[in-house]
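Student: Now for the letters of each chain:
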Amino acid sequence: MSGPNTDYDPVEVTPLKADQVEAMREAALAAIAAAPDLDALKQVRLDHTGDRSPLALANREIGALPPQARKEAGQRVGQARGAVNQALAARQTVLEAEHEERMLVEETVDVSLPTTRRRRGSRHPITLQSELIADLFVAMGYEVSEGPVVEAEWLNFDALNLGPDHPARTMQDTFWTEPAEDHVVLRTQTSPVQARTMLTRKPPIYVVCPGRVFRTDEYDATHSPMFHQVEGLVVDEGITMAHLKGTLDHFASQLFGDGITTRFRPSYFPFTEPSAEVDVLCFVCRNVDPSTCRTCRGEGWIEWGGCGVVNPRVLVACGVDPEVYSGFAFGMGIDRSFMFRHDLEDLRPLFEGDVRFSSAFGSEI
Amino acid sequence: MKAPLSWILEHVDVPAGTTTEHLTDRLTLTGLKLEAVESPGREITGPLVIGRVLTMEPEPQKNGKTINWCTVDVGDANGTGEPQGIVCGAHNFAPGDLVVTVLPGGVLPGGFEIGARKTYGHMSAGMICSARELGLGDDHDGIIVLPADAGEPGQDVRPVLGLDEETIELEINPDRAYALSIRGIAREVLVSVEGASGFRDPAVRDTPAANADGHPVTVEDPEGCPVFVARTVTGFDPTAKTPDHVVQRITAAGMRPISLAVDITNYVMLETGRPIHGYDADTVSGPIVVRRARDGETLTTLDGTTRELDPADLVVTDDSGIIGLGGVMGGETTEMSATTTSILVEAAHWDAASMYRTGRRHKITSEAGKRNERGVDPTICEAAADRVVELLVEHGGGRAEPGVTVVGTPPTAPVVEVPGDLAARVSGMPITEEQAVACLRAVGCEVSGSGTLSVTPPPWRPDLTDAQDFSEEVVRLVGYDRVPSVLPTPPSGRGLTRAQQLRRRIGRTLAGEGFVEVVSFPFVGISDLDALGLADDDPRRDLLQLSNPLSNEAGFMTSTLLPGLLRAAGRNIGHGNADVAIFETGTVTLPRHAGPAAILPVDRRPTDDEFAALDAALPAQPLHLGLVAAGDAVSGGWWGDARPVSWADAVEAVRSVAAALGLEVAASAAELAPWHPGRCAELTVDGEVVGHAGELHPTVCQAFGLPKRSVAAEVDLDVLIGRAVHLRAAPTFSTYPVAKEDVALVVDASVPAADVEAALREGAGELLESIRLFDVYTGDQVGEGRKSLAYALRLRAFDRTLKEGEAAAARDAAVALAAERTGAVQRA
Ligand SMILES: [Zn+2]
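Keeping their order, the protein sequence lines are chains D and S. Sequential numbering from 1 applies to the first sequence in the UniProt record's numbering. Sequential numbering from 1 applies to the second sequence in the UniProt record's numbering.
Mixed in with the good hints there might be a few duds.
As the list claims (entries may be wrong) - Some chain D residues near chain S, calculated using beta-carbon distances under 10 Å: (1) G74; (2) R76; (3) E146; (4) A221; (5) S224; (6) T240; (7) Y268; (8) P274; (9) C318; (10) V320.
What the hints assert, rightly or not - According to the in silico footprint, chain S covers these stretches of chain D (three or more CB under 8 Å from chain S): (11) 19-25; (12) 58-68.
It is worth saying that the hints were derived from the structure and are not from the lab. Remember, predicted model here, so these are calculated numbers, not experimental data. Ideal Cβ positions, reconstructed from N, Cα and C, are used throughout, including at glycine.
Could you build the full structure based on these sequences and the hints that come with them?
Tutor: In structure tokens form, the structure reads like this:
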């Protein structure tokens with residue numbers, strides 16, 4: 001380090017030349033403005049504010065000036081450097097924004113590309129329909145009862161007033177099991193669940209029992225050895241056929257739409273007396289000019305199930321006092337209801353397991 | 001039951017203008033449901049008229065046949081009044097005969113359109129018809145020659161032939177056996193069609209009194225056969241033809257005409273509901289005895305089948321032995337034949353339950369059996385026999401023998417006490433006692449008393465035994481369509497049970513995991529279990545056998561859901577759904593061999609012990625979940641390569657289900673069919689086995705048409721649901737900084753990762769927040785038969801920031817315990 005050069009003529013020193021500092025400033029600002037991108041700007045910054053840049057060199061000279069010249073020179077160079085830094089910052093912001101915008105444009109993807117990497121699952125439409133029906137009744141205050149599908153003969157038949165020689169036993173072609181003397185069958189109906197319910201609970205009883213049942217029907221478009229039923233049972237004081245009608249009308253309107261009602265026709269079931277077949281008003285044509293309706297085949301009504309007032313004999317066998325209580329019961333095919341509700345002509349897809357079938361329904365029916 | 005309308009209306013009058021539709025609507029609404037209305041001529045359209053043959057010229061043809069060139073007078077039916085020229089191949093007629101002529105424009109059954117066409121050198125304009133061409137049976141011996149008084153040429157021939165006769169087919173419920181007859185249906189018309197009147201009961205007639213001159217009959221079992229009536233017709237002409245109207249009616253009713261004698265017994269059965277049996281009287285030797293069969297006895301019935309009889313079977317015998325299975329089917333030796341000239345007519349009332357059992361035992365279904373087992377009016381045996389005799393004499397030229405045998409008296413129905421307001425109470429309709437009484441009388445009951453009615457059902461209604469039965473009669477006549485619609489008010493329910501909710505949750509979870517639910521039949525065969533590769537002593541081979549399976553290949557109730565699922569997966573592959581993941585929830589059947597499920601009494605509630613014993617006798621039926629996946633778990637695409645399913649997907653699916661129930665599943669190596677012996681996980685929850693999951697054995701994949709490396713799982717949902725966590729306490733979290741430590745341990749390849757992890761967990765102690773296996777390495781760097789397991793440990797304290805060295809100390813303790821338990825060596 002040398003001491004102050006007192007002999008040095010400040011007039012002759014560069015920083016003091018205003019036009020030179022001005023030229024440096026102009027050159028720097030021009031370069032900044034011309035920098036096309038951030039990389040270029042980085043170079044500009046190095047060239048015009050770096051250690052070896054003219055302004056930096058000029059600034060370094062200031063210390064060598066005589067004191068009287070320092071102030072002015074310092075101001076001049078300082079202003080120039082300030083202007084250059086400001087311009088750099090401004091240009092940096094602009095270029096960064098431009099860069100970001102360009103990057104976003106460059107990162108554009110085709111959002112219409114398929115996104116399904118994993119298979120979608122679904123539940124079986126019969127499961128969904130069973131739950132839907134259960135929920136309709138649960139909303140009314142019913143509970144859902146269950147029982148085994150391999151069932152005691154006594155519960156499937158005798159307790160339901162179908163004695164061993166009852167001709168109606170042949171109405172339901174039963175799967176029997178070995179050894180025959182065990183008296184065990186595949187339940188032909190969900191009615192044994194009703195018997196079980198009465199045997200294990202005290203009235204008032206309001207239950208529905210959805211479940212699988214079995215008949216020795218050859219498998220074809222409209223028959224299956226296994227199908228699904230939902231039965232309802234109410235045992236309470238003062239229950240009448242009118243309550244049965246009201247309940248089924250409500251059920252029909254919930255499942256098939258507002259205004260859909262039911263129609264009773266006399267029928268025969270050993271466990272109910274009186275017994276009725278239930279038809280439901282066709283929810284497609286509503287019996288208005290049904291002649292061309294595919295859903296009801298021109299009938300205006302669709303056969304839906306069976307029902308009736310619980311036979312007092314059944315109440316007795318199940319330990320309910322028929323002098324105090326009366327009840328009603330009804331039963332519908334869930335698969336059958338599903339078939340006409342969803343316009344399915346052939347029931348076999350329900351049991352074939354082709355994933356395309358269930359998948360079509362997703363998780364809601 | 002198919003019933004010709006004209007036959008019904010022979011026995012009851014309906015108001016003029018009553019349409020078939022109205023009549024059948026009314027029958028349907030009161031309980032005889034219309035199945036169909038048929039008429040034999042419904043397929044015939046266009047001009048079908050009476051023609052009179054004017055001339056017929058036989059013309060031999062080169063092919064050896066002779067045709068007749070006829071001119072036929074068809075009146076004005078052809079529009080010209082000129083004779084119609086028609087070629088006819090038949091020869092059973094002569095000029096002057098009335099014949100059935102279809103003119104050009106007519107269409108015969110089968111869509112056979114009639115036109116004028118050139119044939120055998122003539123322009124033949126129409127056709128002279130045979131019975132077969134009109135769809136009236138198989139008789140094609142020639143064309144139909146009408147009686148001389150059938151009508152005038154040009155008249156529509158349909159009414160003459162009964163072609164426009166409507167037959168209504170009704171569905172008859174088992175309690176309405178009386179409606180399996182014209183008599184019963186006419187009675188229903190009377191009570192259900194407004195304004196109907198004039199019921200003429202075909203079973204009410206003057207019958208000759210019983211006497212001692214008839215064929216001797218002894219009934220040894222009056223309970224099985226309360227009434228036996230025998231009549232004899234002699235001098236019968238076995239060649240006599242059955243009158244056309246009888247043939248038409250029994251054909252319309254669905255029975256086949258056989259011979260005059262048989263046709264008449266069937267006709268009277270259809271008319272009265274009472275089955276009748278006719279014997280060739282000359283083949284019956286000695287007195288008839290009715291009794292139960294004895295052990296070892298046999299009978300060849302008239303269908304040619306030799307049957308071993310059961311001591312409960314009711315039989316008809318003569319000196320030669322057994323000649324008939326009473327009420328069910330006759331024997332071969334006494335069958336009426338083409339040479340029968342003497343007929344013994346049997347009209348007997350049989351015990352319905354015996355009929356049902358015998359029919360079922362010998363697998364005989366017949367029109368007679370159908371009626372006898374449902375119950376027939378026991379009071380009409382004499383009338384029905386007399387009606388048969390009358391028709392045999394009238395149409396077969398026979399002579400009614402004066403002997404009339406009547407053994408026994410018809411059982412009478414007990415009087416039933418019926419509350420007068422029962423129908424109102426049952427139906428919820430304001431039915432007065434007067435209305436109820438009127439309805440009961442309308443269906444044939446005798447009613448007396450008031451308040452509590454004393455009701456005697458009519459003899460044709462053996463189904464009416466309980467007070468409630470009578471209420472149905474009242475309500476159906478008042479009208480089911482008038483039952484009001486009233487919602488009951490149940491008490492507050494408890495909603496779905498927890499198990500029911502959890503089952504739904506399981507289904508949703510699996511659907512969320514990409515599995516599609518399927519429903520399969522629960523039937524399996526031994527070959528299915530063989531295909532699964534089950535060992536001979538595998539408990540899943542203990543199956544509940546069906547006595548009457550639809551197929552012998554699937555004769556058992558399944559003990560596992562896998563066969564159905566694997567078949568469904570195979571079908572999917574076959575249908576081109578290469579990537580498939582399916583699941584099913586359903587019960588399986590596991591026999592307990594706990595003895596018979598008792599047939600309990602029905603006149604009281606079973607005791608709790610009886611009911612419990614009943615349940616205990618049934619097979620165990622746990623709810624299982626099964627799942628199968630094949631193909632790719634993640635599809636390939638623009639994002640990258642596909643990932644095929646692996647054993648881990650099956651385990652993970654079960655873990656997801658368990659997690660949905662708040663449970664954690666542990667997996668350990670197991671060997672169990674149908675899984676790959678090195679890739680099968682036994683799944684446990686708190687030490688209890690819940691099922692298995694993993695990759696399927698390659699031979700199983702092949703057997704079910706699945707690609708190699710397909711995977712499956714089966715678990716017991718009852719166990720899982722039973723263990724589901726309920727009311728879990730809320731967790732608390734540490735908010736102090738986490739310390740992370742990684743360790744890589746080398747162990748023998750046979751050491752389960754789960755054991756290493758368990759040791760690390762225990763060794764790290766309470767500071768360990770979580771542990772994750774992030775890499776498994778096998779290869780040169782760790783040596784043959786060794787593997788390296790790399791774990792990330794997260795350590796944290798609840799009450800403080802861990803001090804320098806605390807985390808490392810915990811890690812070292814973890815490694816030390818792993819080394820001690822599993823021989824693990826920390827990897828350099
Ligand atoms: Zn419709």
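Student: Next step is simple, just say for each hint if it's right about the structure.
Tutor: Evaluated hints:
1. Here the hint on G74 (chain D) is broken, as its CB sits about 50 Å from the closest CB of chain S, past 10 Å.
2. The interface hint given for R76 (chain D) is violated, since its Cβ lies 54 Å from the closest Cβ of chain S, which is over the 10 Å cut-off.
3. Hint status for E146 (chain D): holds, given a least beta-carbon distance of 8 Å to chain S, under 10 Å.
4. The interface hint given for A221 (chain D) is broken, as the beta carbon of that residue sits about 16 Å from the closest beta carbon of chain S, more than 10 Å.
5. A cut of 10 Å between beta carbons decides the hint on S224 (chain D): the least distance to chain S is about 8 Å, and the hint holds.
6. For T240 (chain D), the shortest C-beta to C-beta distance to chain S is roughly 3 Å, which falls under 10 Å, so the interface hint holds.
7. Because the smallest distance between the Cβ of Y268 (chain D) and any Cβ of chain S comes to about 3 Å, under 10 Å, the interface hint for this residue holds.
8. At its closest, the beta carbon of P274 (chain D) sits 4 Å from a beta carbon of chain S; the interface hint therefore holds under the 10 Å criterion.
9. With 10 Å as the threshold, the beta carbon of C318 (chain D) comes within range of chain S, its nearest partner Cβ sitting at about 6 Å, so the hint holds.
10. Annotation: interface hint on V320 (chain D) holds; nearest CB of chain S at approximately 8 Å, less than 10 Å.
11. Beta-carbon proximity to chain S at under 8 Å applies to 0 residues in the stretch 19-25 of chain D; the threshold of 3 is not reached and the given coverage is violated.
12. Counting residues of the stretch 58-68 of chain D whose beta carbon lies closer than 8 Å to any beta carbon of chain S gives 0, which falls below the threshold of three, so the coverage claim is violated.
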